[in-house]
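Residue numbers (this note's numbering), protein chains in the order written: chain U, 1 to 461; chain S, 1 to 461.
Warning: the hint list may mix true and false statements.
Copies of the same chain look alike in the list, so a pair counts if it works inside one copy or between any two.
Straight-line C-alpha distance at most 30 Å; calculated DSS-like pairs for lysine-lysine [unchecked claim]:
#1 Lys-256 / Lys-403
#2 Lys-80 / Lys-402
#3 Lys-309 / Lys-4
#4 Lys-256 / Lys-9
#5 Lys-80 / Lys-129
#6 Lys-256 / Lys-96
#7 Lys-80 / Lys-96
#8 Lys-41 / Lys-199
Honestly, the hints are just simulated from the structure, not real lab data.
There are 2 protein chains.
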Amino acid sequence: MERKEIPYKIYLEENEMPKQWYNVRADMKNKPAPLLNPATKQPMTAQELGVVFCDELVKQELNDTDAYIDIPEEILNFYKMYRPAPLVRAYCLEKKLGTPAKIYYKFEGNNTSGSHKLNSAIAQAYYAKQQGLKGVTTETGAGQWGTALSMACSYFDLDCKVYMVKVSYEQKPFRREVMRTYGASVTPSPSETTEVGRKILAEHPGTTGSLGCAISEAVEVACSTEGYRYVLGSVLNQVLLHQSIIGLETKAAMDKYGIVPDIIIGCAGGGSNLGGLISPFMGEKLRGEKDYRFIAVEPASCPSFTRGKFAYDFCDTGMVCPLAKMYTLGSGFIPSPTHAGGLRYHGMSSVLSQLYHDGMMEAVALEQTAVFEAAEYFARVEGILPAPESSHAICAAINEAKKCIETGEEKTILFGLTGTGYFDMVAYEKFHNGQMTDYIPTDADLQIGFDGIPKFEGNEF
Amino acid sequence: MERKEIPYKIYLEENEMPKQWYNVRADMKNKPAPLLNPATKQPMTAQELGVVFCDELVKQELNDTDAYIDIPEEILNFYKMYRPAPLVRAYCLEKKLGTPAKIYYKFEGNNTSGSHKLNSAIAQAYYAKQQGLKGVTTETGAGQWGTALSMACSYFDLDCKVYMVKVSYEQKPFRREVMRTYGASVTPSPSETTEVGRKILAEHPGTTGSLGCAISEAVEVACSTEGYRYVLGSVLNQVLLHQSIIGLETKAAMDKYGIVPDIIIGCAGGGSNLGGLISPFMGEKLRGEKDYRFIAVEPASCPSFTRGKFAYDFCDTGMVCPLAKMYTLGSGFIPSPTHAGGLRYHGMSSVLSQLYHDGMMEAVALEQTAVFEAAEYFARVEGILPAPESSHAICAAINEAKKCIETGEEKTILFGLTGTGYFDMVAYEKFHNGQMTDYIPTDADLQIGFDGIPKFEGNEF
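This is chain U alone, in the form it adopts within the complex:
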């Protein structure tokens, strides 16, 4: 491989962009455990899943054998509007840190949704349109996914109903307005518009909501409205499949310049970004072709990998969704209201959970003040004001780069910069004013969530 001088930003040419998604499950010996019907504890059939999800997406959800799946041309065309995302060499950050490490980041924030979420949103909207549906429902927390889905639905002229976690709805009116610009209807959750919402409101008056709760509402509406299905921005196998575009582009850009990462770092909430970024590299590791260190970075206040249980659990608070085997804090777990930004899901992608369980990757949990310090440092040095979620990866990458200063190792570090923080300035303001606090749940705090994980044969933990 010829060693060319590496530019600040590597953009693939349009004709170099991936035309297939990569399905890492095909290369996993230990496949992720199937979704279970909570009533029967039997694997969900395609027919059962088809009540909630679009048919083609159900196929993708269940497909753990095909390594590559063609990206439909309409989706490729949409990708061309905001992709390829640049792979950036962080020359300025390296210099400022004085590290011998070489740092790269894949920047997914150059689109109006402000994050990588659009990669899967457009795919899910496409398949919904293909099926002749009228619209889709979903939930959103920090608002990135809801924005992405609004954009995708607008492109395909689909109706889009978003249930937005109430605390975010109130703290982020601008996100809501972006979604409205794209024609979506946005309802704060829990709401009076669904049975499960009314139940949660009755049991927990004044609750500020949770992602798990908004999921329950969105699923209920999808299942009870003719011509609608539910779509989800993370956690699911299909989402990781679509997000593999991140890793595939990254790998193509790195291969073009003969760059091989030693460490690959991504923030982890439900796992969509991390899973997408690492997929093709993980494939090489699974096939025994190469070795990489993978690091999942999660908030210390919502530490599903590092302190969760590997068990079957509900994907939602209202317990209307299937059971997924994953690292979970319990579907009743709600992160402290002091927690800023996303990455607040109680569970984790089954694919990533299995890989973590099999020792294929590591995980670290970081406290948010350290994360915001890293965010501000990064913004000043590299110019981009990062999302709080992405800043977890930045912080971990800086920590690894600092280790290289001590050891003198010239490691190549790659991290995912999933998005921008332009709609997170309330959190930045708190940080600037010294009003941001850290919160680490005690074992007793976590036990409440664990107690809610369903007990049945084969679900010991």
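Got chain U; can you put chain S on it based on the hints?
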């Protein structure tokens, strides 16, 4: 020229990026009139200007002979962090409109400042640093320039004092927070921190401020503080010079694919984006090599080109700055508070004013509800949620593309998409809620501003 298939986005390679700015004044037969000392009515000398501006920037301000000026390497390196900006072929917009026109836009919003303003901010910060200054002062309206300058100052470790028009300071707390992230101090203007601010507050208690007023404050602080100079984000010759990077990149990208625009459109407030975009094309027109139609688009509520006077006027409300010959509504003109977004400056770049006066370009004024309709239409079709300022150019481009539907002409339309609207959601919300109104000043409204334009021999209008 070989006709290659044109991708959705054209990114120049790093080695194809311009290494010199282009100074359109060198090719103008009728040079823009010099800045005058308001006391003597004589052209400002380099020495006089040096009290306010950095020495090297004064040289650039006065240089109307050198067509090309080398971009210092440190600035080139910074440019590499967020440039080249993509030249986008608006395939989706063309299709949606059903126009035979070919539409291109140069997108300058892919950086945290959210606009093209960073192109000049980094240059001005660089020269301030080179001169050994401690810091710079400036004003900001919508906040894009202030954000850009904060980023640039942070990069060069310079202090940055921003006077932000009070109404924007209050309506855009998030912009303020972005500036704070980059370490700038932000003061709402008019303020009690300056003599001119106190004077304006005494005369107009409760005023929401204006750009002209914030300029006066920033200049006062720069001139009265050791080691500080004032910097400006638009209007000045030096700013147009730096912003020529927009047009140079655009032209290089177009030349690469054999594209020749028929119409070039840009929004115009002080003229930085429009001047930068059109400069190299205007050079060809001035040299008689090619012909293009240039269209400046301004808000009907602040119509300096279409309804202003071509005369010497103060650049600021407090009348502490030099006199510039330009299309002006009078330095006392304050746009209606119903006007959303930027492009609210009372005057216009002297370079562009001269070119307009000489019939080298056209101008149109648009009402803001039409502009926001175009903005939302564009967002849904092309994905990018545009800044209100940029949406003026979008609206005009769509109008031209619609004319091509009628005539069947396959014109090539190029416009400048200067930035994103992520910090303008209050305006979008008003638009969604039907609360946005149009305002066209009457001749009597304008007369108040005109009455304030200084009268002296040679300044008849």
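Task: Numbers of unmet hints, in rising order - done: 3
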